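Trainee: First to last, the sequence lines map onto chains G and B. When the letters of the first sequence are read in order and numbered with my numbering, they come out as residues 1 to 284. When the letters of the second sequence are read in order and numbered with my numbering, they come out as residues 285 to 568.
Rather than coming from a laboratory, the hints here were simulated on the basis of the structure. Quick caveat, the model's predicted, so the values are computed rather than measured. Treat the hints with caution; some may be incorrect.
Claimed, not checked - Subject to a maximum C-alpha distance of 25 Å in a straight line, what follows is the list of computed DSS-like cross-link-like pairs (lysine-lysine):
| no. | chain 1 | residue 1 | chain 2 | residue 2 |
| --- | --- | --- | --- | --- |
| 1 | B | 329 | G | 47 |
| 2 | G | 38 | B | 544 |
| 3 | G | 26 | B | 477 |
| 4 | G | 34 | B | 329 |
| 5 | B | 310 | G | 45 |
| 6 | B | 310 | G | 271 |
| 7 | G | 38 | B | 331 |
| 8 | G | 38 | B | 477 |
| 9 | G | 38 | B | 555 |
| 10 | G | 26 | B | 544 |
| 11 | B | 331 | G | 45 |
| 12 | G | 38 | B | 322 |
| 13 | B | 428 | G | 31 |
| 14 | G | 38 | B | 412 |
| 15 | B | 428 | G | 34 |
| 16 | B | 318 | G | 47 |
| 17 | B | 428 | G | 26 |
| 18 | G | 34 | B | 534 |
| 19 | G | 193 | G | 82 |
| 20 | G | 132 | G | 271 |
| 21 | G | 45 | B | 373 |
| 22 | B | 477 | B | 345 |
| 23 | G | 47 | B | 534 |
| 24 | B | 331 | G | 31 |
| 25 | B | 373 | B | 345 |
| 26 | B | 534 | G | 260 |
| 27 | G | 31 | B | 534 |
| 28 | B | 412 | G | 34 |
| 29 | B | 544 | G | 260 |
| 30 | B | 329 | B | 555 |
| 31 | G | 26 | B | 331 |
| 32 | B | 310 | G | 26 |
| 33 | B | 310 | G | 260 |
| 34 | B | 428 | B | 534 |
| 35 | B | 331 | G | 271 |
| 36 | G | 260 | G | 47 |
| 37 | G | 45 | B | 428 |
| 38 | B | 315 | G | 47 |
| 39 | G | 31 | B | 555 |
| 40 | G | 34 | B | 331 |
Listed here are the chains, written in short residue letters.
Number of protein chains: 2
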Amino acid sequence: MELLIDCIPCLLRQSLEAARIATDQKEIHNKIMKDTIKLLSDYDKYKNSPQLAKEIHNLVKNETGNPDPYQQIKNRDLQAAKNLYPFLKDFLQRKENSIYWALKVAAVGNNLDAAVYSNPELEKCISKELEKEFTICDLDLFTKKLQQAKNILIIGDNTGETIFDRVMLESFPDTAITYGVRGESIINDVTEKEAMDSGLNSVARVISTGCGSPGTILADCSPEFIDIYERSDVIISKGQGNFEALSGEKGNLFFLLKAKCLAIAGAFHVKINDYIFHYENAKY
Amino acid sequence: MELLIDCIPCLLRQSLEAARIATDQKEIHNKIMKDTIKLLSDYDKYKNSPQLAKEIHNLVKNETGNPDPYQQIKNRDLQAAKNLYPFLKDFLQRKENSIYWALKVAAVGNNLDAAVYSNPELEKCISKELEKEFTICDLDLFTKKLQQAKNILIIGDNTGETIFDRVMLESFPDTAITYGVRGESIINDVTEKEAMDSGLNSVARVISTGCGSPGTILADCSPEFIDIYERSDVIISKGQGNFEALSGEKGNLFFLLKAKCLAIAGAFHVKINDYIFHYENAKY
Chain G
1 MELLIDCIPC
11 LLRQSLEAAR
21 IATDQKEIHN
31 KIMKDTIKLL
41 SDYDKYKNSP
51 QLAKEIHNLV
61 KNETGNPDPY
71 QQIKNRDLQA
81 AKNLYPFLKD
91 FLQRKENSIY
101 WALKVAAVGN
111 NLDAAVYSNP
121 ELEKCISKEL
131 EKEFTICDLD
141 LFTKKLQQAK
151 NILIIGDNTG
161 ETIFDRVMLE
171 SFPDTAITYG
181 VRGESIINDV
191 TEKEAMDSGL
201 NSVARVISTG
211 CGSPGTILAD
221 CSPEFIDIYE
231 RSDVIISKGQ
241 GNFEALSGEK
251 GNLFFLLKAK
261 CLAIAGAFHV
271 KINDYIFHYE
281 NAKY
Chain B
285 MELLIDCIPC
295 LLRQSLEAAR
305 IATDQKEIHN
315 KIMKDTIKLL
325 SDYDKYKNSP
335 QLAKEIHNLV
345 KNETGNPDPY
355 QQIKNRDLQA
365 AKNLYPFLKD
375 FLQRKENSIY
385 WALKVAAVGN
395 NLDAAVYSNP
405 ELEKCISKEL
415 EKEFTICDLD
425 LFTKKLQQAK
435 NILIIGDNTG
445 ETIFDRVMLE
455 SFPDTAITYG
465 VRGESIINDV
475 TEKEAMDSGL
485 NSVARVISTG
495 CGSPGTILAD
505 CSPEFIDIYE
515 RSDVIISKGQ
525 GNFEALSGEK
535 GNLFFLLKAK
545 CLAIAGAFHV
555 KINDYIFHYE
565 NAKY
């Protein structure tokens, strides 16, 4: 998906947020703001939003000397998500259409951020999100493909969301599953470390995509990952960043996400906060 | 109030919003985005946010050839606010502490924007906002000053809000009232035209500040306005933009606003969406 003009102000806001997470020094915040503006002045040379986002977050890492500004946030979110694991398992056990609701659990994971985790009524809030139906859901096609699939690839998004993904994967039929993660620390996204800490290695082979953007840009991925990607009978791409990077690419791509901004909601013709499970039906 | 770093991404977002209101031509949106980024690269040369906002909106006006992009929005909002006039009068009549609630009516006016006006349950929604108490309210001091005041100056903010201001002013004691408005069209702010259309001339002398920023920067105001400002026994400054431009200036300044963003809420140590009526107690 091409870079939308709407992403530019949002990326500038994200840059300031990351700068403040990485350091308390105001002069560094100002330096990062200035340098991000300089970077944004060439926004039309970037193919998609994750590509530009990576440059911005690299700038934050370099100027603060902090290679993983979101580390503490990731630890906190992962712990909160781990505490929810029994609750999520119980939720899924009580549902009849297990594939649909397993996908829904993973989709709700994509909704979670720091603000939600700090909610004292967390389970209540998540219950409400879990019961919301998908606005777009290509379930029949997925079920059919899943039955025939010899292997599945999931491409992860945020840390913490990984626990929700694990619950989904534990309910899937006995198939070879690979879980792709970011090639380096970027925002609060899942890398090999957080995937292992989430116990994903008990249900899947965890592999780095080789790409360090907050969205899987195939041109930046390792040959090993590309090989797995191309051989996968079913690919579940989690979250907005992966959608922005992978939409339009070849592959058995199902996009599983919550539309969190107007730009993404607009791309699917849905409302903000709607849940989506969409097969892109790439021709090849 | 100095320009905060938080304002930069928000101003970039506003620029895109204004560009889209002014024209449907995507290449002009991109040109405006590029030129706004160029302008923002020098953000630290601006003393406050309204000064920079004016430059951005001038850029939008120049590049779209539209001198008043928000005209239709202003017309729509003013009509919606006019329809609320009897409801607001009735609300105030049923309240005992009339000065407090008159101020509250005017503060709620500051809250209104297009999203609120298009709410089908508008009166219900406004009722709820009206009943919310101020978080900061220097009422006693104001009542005392109002009793002694020979003249009052109100500095207006948005179109539509003007109807709420009129309801407030109609309940004030018999005093010479001046209503200051923007010197030129900027965003949805009130100029002489919209003040007249709001019937404010029936309760006040309407005068242009001479300043065309979305916040009254005294250095840009006309000598006539400065003379009135300096002689005013009580000045009520409406909204965030006027607060950003006038905070720290001399004058019998009471700031009446809703804190709509974290930067302003932080300046008052209140929460977002809190209502404020604050005397700045300038020493002179």
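Trainee: Please go over all the hints and tell whether each is borne out by the structure.
Mentor: Here is how each hint holds up against the structure:
Only pairs whose Cα atoms come within 25 Å are accepted, and residue 329 of chain B paired with residue 47 of chain G is rejected, the gap being roughly 32 Å. Between the alpha carbons of residue 38 of chain G and residue 544 of chain B the distance comes to roughly 29 Å, so the proposed pair goes past 25 Å and is violated. For the hint linking residue 26 of chain G to residue 477 of chain B, the alpha-carbon distance of about 43 Å lies beyond 25 Å, and the restraint is violated. A hinted pair counts as satisfied when its Cα atoms are at most 25 Å apart, and residue 34 of chain G with residue 329 of chain B qualifies at roughly 12 Å.
A C-alpha spacing of about 17 Å is found between residue 310 of chain B and residue 45 of chain G, which places the hinted pair at or below 25 Å, so the restraint holds. Taken as a hint, the residue 310 of chain B and residue 271 of chain G pair is honoured in the structure, with Cα atoms around 23 Å apart against an allowance of 25 Å. Between residue 38 of chain G and residue 331 of chain B, the direct Cα distance comes to roughly 21 Å. Compliance with the 25 Å bound is thereby established for this hinted pair. For the proposed pair residue 38 of chain G and residue 477 of chain B, the alpha carbon gap of about 40 Å is over 25 Å, so the pair is violated.
Taking the CA atoms of residue 38 of chain G and residue 555 of chain B, the gap is near 33 Å; set against the 25 Å cutoff, the hint is violated. Proposed proximity of residue 26 of chain G and residue 544 of chain B is supported: the alpha carbons are some 23 Å apart, at most 25 Å. A hinted pair counts as satisfied when its Cα atoms are at most 25 Å apart, and residue 331 of chain B with residue 45 of chain G does not qualify at roughly 32 Å. As the CA atoms of residue 38 of chain G and residue 322 of chain B are separated by approximately 8 Å, the hinted pair is consistent with the 25 Å bound.
With a CA separation close to 47 Å, the supplied pair residue 428 of chain B and residue 31 of chain G exceeds the 25 Å bound. Note on residue 38 of chain G and residue 412 of chain B: the hinted pairing is violated, with a Cα-Cα distance of about 44 Å set against a maximum of 25 Å. Proposed proximity of residue 428 of chain B and residue 34 of chain G is contradicted: the alpha carbons are some 47 Å apart, above 25 Å. Only pairs whose Cα atoms come within 25 Å are accepted, and residue 318 of chain B paired with residue 47 of chain G is accepted, the gap being roughly 17 Å.
The straight-line distance between the Cα atoms of residue 428 of chain B and residue 26 of chain G is roughly 42 Å, outside the 25 Å bound, and the hint therefore fails. Distance check on the hinted pair: residue 34 of chain G and residue 534 of chain B sit about 33 Å apart at the alpha-carbon level, beyond 25 Å; violated. With a C-alpha separation of about 15 Å, the suggested pairing of residue 193 of chain G with residue 82 of chain G holds against the 25 Å cut-off. Annotation: proposed proximity of residue 132 of chain G to residue 271 of chain G holds, straight-line Cα distance about 13 Å (limit 25 Å).
For the given pair, residue 45 of chain G sits about 56 Å from residue 373 of chain B by alpha-carbon distance, which is inconsistent with the 25 Å threshold. This hinted pair checks out: residue 477 of chain B and residue 345 of chain B have alpha carbons roughly 19 Å apart, not beyond 25 Å. With a C-alpha separation of about 51 Å, the suggested pairing of residue 47 of chain G with residue 534 of chain B is violated against the 25 Å cut-off. The suggested pairing of residue 331 of chain B with residue 31 of chain G holds, with an alpha-carbon distance near 18 Å, which does not exceed 25 Å.
A C-alpha spacing of about 37 Å is found between residue 373 of chain B and residue 345 of chain B, which places the hinted pair above 25 Å, so the restraint is violated. Distance check on the hinted pair: residue 534 of chain B and residue 260 of chain G sit about 44 Å apart at the alpha-carbon level, beyond 25 Å; violated. A distance of roughly 33 Å separates the Cα atoms of residue 31 of chain G and residue 534 of chain B; the hinted pair therefore is violated under the 25 Å criterion. A threshold of 25 Å between alpha carbons decides the hint, and for residue 412 of chain B with residue 34 of chain G the separation of about 42 Å lies outside it, so the pair is violated.
For the hint pairing residue 544 of chain B with residue 260 of chain G, the CA-to-CA distance comes to about 21 Å; that is within 25 Å, so the pair holds. A C-alpha spacing of about 29 Å is found between residue 329 of chain B and residue 555 of chain B, which places the hinted pair above 25 Å, so the restraint is violated. Straight-line distance between C-alpha atoms of residue 26 of chain G and residue 331 of chain B comes to about 18 Å, which keeps the hinted pair within the 25 Å bound. As the CA atoms of residue 310 of chain B and residue 26 of chain G are separated by approximately 36 Å, the hinted pair breaks the 25 Å bound.
Distance restraint check for residue 310 of chain B and residue 260 of chain G: the Cα-Cα separation of roughly 23 Å lies within the 25 Å cut-off, and the hinted pair is therefore satisfied. Taken as a hint, the residue 428 of chain B and residue 534 of chain B pair is honoured in the structure, with Cα atoms around 19 Å apart against an allowance of 25 Å. A C-alpha spacing of about 39 Å is found between residue 331 of chain B and residue 271 of chain G, which places the hinted pair above 25 Å, so the restraint is violated. For the hint pairing residue 260 of chain G with residue 47 of chain G, the CA-to-CA distance comes to about 21 Å; that is within 25 Å, so the pair holds.
Distance hint between residue 45 of chain G and residue 428 of chain B is unfulfilled; the C-alpha atoms sit about 61 Å from each other, more than 25 Å. At most 25 Å may separate the alpha-carbon atoms for a hinted pair to count; residue 315 of chain B and residue 47 of chain G meet this at roughly 18 Å. Distance check on the hinted pair: residue 31 of chain G and residue 555 of chain B sit about 28 Å apart at the alpha-carbon level, beyond 25 Å; violated. Distance hint between residue 34 of chain G and residue 331 of chain B is fulfilled; the C-alpha atoms sit about 17 Å from each other, no more than 25 Å.
When held up to the earlier numbered hints, the structure conflicts with 1, 2, 3, 8, 9, 11, 13, 14, 15, 17, 18, 21, 23, 25, 26, 27, 28, 30, 32, 35, 37 and 39 and fits the remainder.
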